[in-house]
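*Asks:* Sequence:
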Amino acid sequence: MHQPLHIPGKFLVIAMIALIPFTISSCEQQPSKTEGASTKGAKSEKPEYFLLRAELEKKYGYTQAVKVGNIVKVGGVISIDDNGSPMAKNDYQQQMKNCYASLEKVLKHYGAGFDDVILENIYTTSMAELQKNASYRQQIYTRHFPTGSWIGVKELGMPETMIEIEIEALIPNE
Numbered sequence: 001m002h003q004p005l006h007i008p009g010k011f012l013v014i015a016m017i018a019l020i021p022f023t024i025s026s027c028e029q030q031p032s033k034t035e036g037a038s039t040k041g042a043k044s045e046k047p048e049y050f051l052l053r054a055e056l057e058k059k060y061g062y063t064q065a066v067k068v069g070n071i072v073k074v075g076g077v078i079s080i081d082d083n084g085s086p087m088a089k090n091d092y093q094q095q096m097k098n099c100y101a102s103l104e105k106v107l108k109h110y111g112a113g114f115d116d117v118i119l120e121n122i123y124t125t126s127m128a129e130l131q132k133n134a135s136y137r138q139q140i141y142t143r144h145f146p147t148g149s150w151i152g153v154k155e156l157g158m159p160e161t162m163i164e165i166e167i168e169a170l171i172p173n174e
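Residue numbers (the working numbering): 1 to 174.
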């Protein structure tokens, strides 16, 4: 019969300590062989800014939309005219329609439509009104609804506004 192999405790502890650096380095995330391969030689994507209401946006210090690559991020739109005056006071559905009309202008600028929208966040001062008027969105999103959130807030940028909508769109390859 063979005798079991006896390893002194000190040797075992030293061996385990010696193996720790190798174990840690093998657990570190290593870049895959394809990582970076698709970006080699590709030019960096520069943001393309779009001002829907240039004077107003310059006055308040924001840009309505920014495109990077084939993603367009559109900041929240509210129901205002080109001078920044609120429209459709106390008419939730018309405010909603005005928001979507502004969003459509931005999307068209980039050669896109509502079917290209992948994210929609709606901020509202009245969740009950949003729920009551939500069916209007079926006229906007004819193929599918984007992901997103409905967020109830105390107030928006202007006291007369009851709804603000922001979106992200994936622009079709040109």
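The hints are simulated quantities; they were obtained by calculation from the structure and are not laboratory data. Careful, some of the hints might be misleading.
Taking lysine-lysine and the DSS-like style, the derived pairs with C-alpha atoms no more than 30 Å apart in a straight line are [to be verified]: (1) Lys58 with Lys108; (2) Lys132 with Lys58; (3) Lys58 with Lys46; (4) Lys46 with Lys59; (5) Lys46 with Lys89; (6) Lys132 with Lys89; (7) Lys132 with Lys73.
As the structure is a computational prediction, the values presented were derived from the model and not from experiment.
*Asks:* A separate judgement is required for each hint: does it hold in the structure or not?
*Replies:* Here is how each hint holds up against the structure:
| no. | hint | in the structure |
| --- | --- | --- |
| 1 | Lys58 with Lys108 | holds, 22 Å |
| 2 | Lys132 with Lys58 | violated, 35 Å |
| 3 | Lys58 with Lys46 | holds, 20 Å |
| 4 | Lys46 with Lys59 | holds, 24 Å |
| 5 | Lys46 with Lys89 | violated, 38 Å |
| 6 | Lys132 with Lys89 | holds, 17 Å |
| 7 | Lys132 with Lys73 | holds, 27 Å |
In this structure, the hints that do not hold are numbers 2, 5, in rising order.
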